[in-house]
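Protein chains in written order, with the numbering used here: chain A, 1 to 238; chain B, 1 to 346.
Read the hints as simulated data drawn from the structure, not as lab findings. All C-beta atoms, glycine included, are put in the ideal place defined by N, C-alpha and C. Be a bit skeptical, because a hint or two may be false.
[Claimed, not checked] Distance condition first, Cα-Cα at most 30 Å in a straight line; then the derived DSS-like pairs of lysine-lysine:
(1) 167(B) with 18(A)
(2) 230(B) with 7(B)
(3) 22(A) with 146(B)
(4) 41(A) with 270(B)
(5) 41(A) with 120(B)
(6) 41(A) with 74(A)
(7) 206(B) with 41(A)
(8) 230(B) with 233(A)
(9) 146(B) with 36(A)
(10) 206(B) with 73(B)
(11) 7(B) with 26(A)
(12) 163(B) with 206(B)
(13) 169(B) with 120(B)
(14) 167(B) with 7(B)
(15) 233(A) with 7(B)
(16) 146(B) with 18(A)
(17) 36(A) with 143(B)
[To be verified] Coverage of chain B stretches by chain A, computed from C-beta distances (three or more under 8 Å per stretch; other residues unrestricted):
(18) 125–137
(19) 161–173
(20) 256–264
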Amino acid sequence: MSNEESWFGRFVDTLPTKGWFKFLSKYVVTPYWLWKDPKPKLPGGPRVSSQPSDNVQRMMNLIMPLKDPSEIGKARAVMAIAQNVDEIFGGLDNVGTVHFARFVILGDKLCMISVYDGDFSNYIRDFIVTVGSVFDAIMAEIEGGSALIPTEQNVEAFIEWVHEHDLFQAPDFPTELFTLQDQAKGIGPDGPVHDLSTLPRNLVLQFHSNPDISLGGGYRAYPGFSAAQIREKLGVGW
Amino acid sequence: MTTNSDKAVAKEMVDIMHRPDGDPKLRPIHTNGIGVTGFFKASETAAEYSNSEPFQGNKIPVTIRFSNASGNKTRHDGWSDIRGMATRFHLNGPQDFDLIAMTLQEFFTPDVPSTLEFLKAARPTPYHSATPLQKIRDYLSLKVPKRNRYPHEDLSPDDGGKKYANKHKFAQLPIFQTASIGAPVSYARAAYHAVHTFIITAPNGKRNWVRFTWQPVAGVRPRPIGPDNKPDDDYLNQEIRDRLSDRETARFTLMMSLGEQEDEVNNCTKPWPLHRTRIVMGMLTLNHVLDAKAQESKIEKMSYNPCLLPEGIEPSDDPILHIRRTAYEISSKERHANRCPFAGGQ
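Turn these sequences into a full structure, and let the hints steer you where they fit.
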């Protein structure tokens, strides 16, 4: 009788679905591995690249913890944005490199999700120049945000803060996770080859340092084109 | 130009690829297949990027062979395996066009020496499931245990392939993806990637480095398998027959990604980023499954070759693409198929 056909083999195959085994995995096994093989936090946002299509339609998932996550606190965040809609839309028009942007309240966090062209720091800098007052109103509702107000006078610190709160983008090709984790530890591409079977564990452990992540770089319906190119092709006068 | 050294290496590759449970009279890999015919029609945009005959908008007859990658002569459709889609565009020009694609996005090795090494390492060996204790150890190590042995599965390349990937970074992505690739519900419900880079020339003389992918219009759909859902051995051929009966069709869009500077054009282990500019080059319509006699006399005797390219489409310098030309020639000759297209045959 083969291993999987024995009663014990069949029982072991069902272990991952058993409540007590899930409990053991969550409260004993995972903490053990986090102690044994901790993973540094991986940086947020798209990764540096010199190639043209990597520098257009870049994704930002800015996750900002609300200072007051109660219903009243969330309503205050909504008001901060609703009272500044003209400034936000005007600012986005002026920046000119933004494809889409929207705010979302999710649990106890305010999220700004956008798709932009070009360099990340320039994107944030342009925003502060054009809609700095809006960010001041938003940051007043965000945990740790008061120290950055007025954002126009704390540009570099604000850029750094945004970068810290931009979600890590998991690689589109799963084994690249090894490379990114090595880079975070200062290990170059010539470092040792990982045991492929440890990839699932490496992902599990990464969630401890990056509890929220973006799954891949995102789908694009018309990859490789900037907002400016699309406007020009559409003939909408900008 | 094929050298004697290329021939010797390609011959060794073909010899290694033949499995003990295969059949020397059949293809050493992608042994089980089915032939389908239809036509390709280029999009209006395609001619702006390529001056080659397939992309000028004429309705081009095609012959396609779908296959399972395994070299096992017995069909096991439900097993997790890469699937192949070899397409011959029958052109008016002096040379036809073969576009050979598979469901994996990249190849296992970047050059000829590593390919030989990999083929030796991944020679099929008796497959043993993990013991219950090994599985418990894997769970406690936050690893996914080795899959259970399929019914009647005697040999598998899995163990050798995994060992090789644990020594060579370039093989990790394809081995990881192969392990979880599964089985499609239909040959017409999978995406197929041509893996290598080709160079196409536009009417204005501009050359682009490109990669091709077939996207099924019906959508990609894998077959669910689980502990209580044992894989069926033989359903894909009948499925495509049923799908194309009563004048029904299956369609694929030919997508072309444009390479950029610094993209790996000669290394087929490196898939390009998913957000490279994509061009819709045309639509493939499948409308007929060949009968059993034609499967034997035509499809199984056909000699596809990834270097069979019409004027206006050139191979890149990818060494795997070039050794495949010779390996396909040798394989074709050994199984007494029709003469290789480079020798004037079809």
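Coverage claim, chain A over the region 256–264 of chain B, checked by counting residues with Cβ within 8 Å (three needed): With 5 residues closer than 8 Å to chain A, the region 256–264 of chain B meets the three-residue bar; holds.
Straight-line alpha-carbon gap residue 163(B) to residue 206(B), limit 30 Å: 44 Å, violated
Coverage of the region 125–137 of chain B by chain A (three or more Cβ within 8 Å): holds (count 7)
Verdict on chain A covering the region 161–173 of chain B, criterion of 3 CB contacts below 8 Å: It holds, with 8 qualifying residues against the three required.
Restraint status (C-alpha distance of residue 206(B) to residue 73(B) at most 30 Å): Answer violated: residue 206(B) to residue 73(B) is near 45 Å, above 30 Å.
Pair hint residue 167(B) and residue 18(A), alpha-carbon separation not exceeding 30 Å: Status violated; Cα separation ~35 Å.
Given hint residue 74(A) paired with residue 41(A) - CA-CA distance at most 30 Å: Holds. Residue 41(A) to residue 74(A) sits at ~28 Å (cutoff 30 Å).
Pair hint residue 230(B) and residue 233(A), alpha-carbon separation not exceeding 30 Å: It is violated: about 53 Å lies between the C-alpha atoms, which goes past 30 Å.
Hinted pair residue 146(B) and residue 36(A), Cα distance within 30 Å: 23 Å, holds
Pair hint residue 206(B) and residue 41(A), alpha-carbon separation not exceeding 30 Å: Between residue 206(B) and residue 41(A) the Cα gap is close to 44 Å, so the pair fails against 30 Å, i.e. violated.
Agreement of residue 22(A) and residue 146(B) with the hint, judged by alpha carbon distance not exceeding 30 Å: 19 Å, holds
30 Å Cα cutoff - pair residue 41(A), residue 120(B): 40 Å, violated
This entry does not satisfy hints 1, 2, 5, 7, 8, 10, 11, 12 and 15, going by the numbered hints stated previously.
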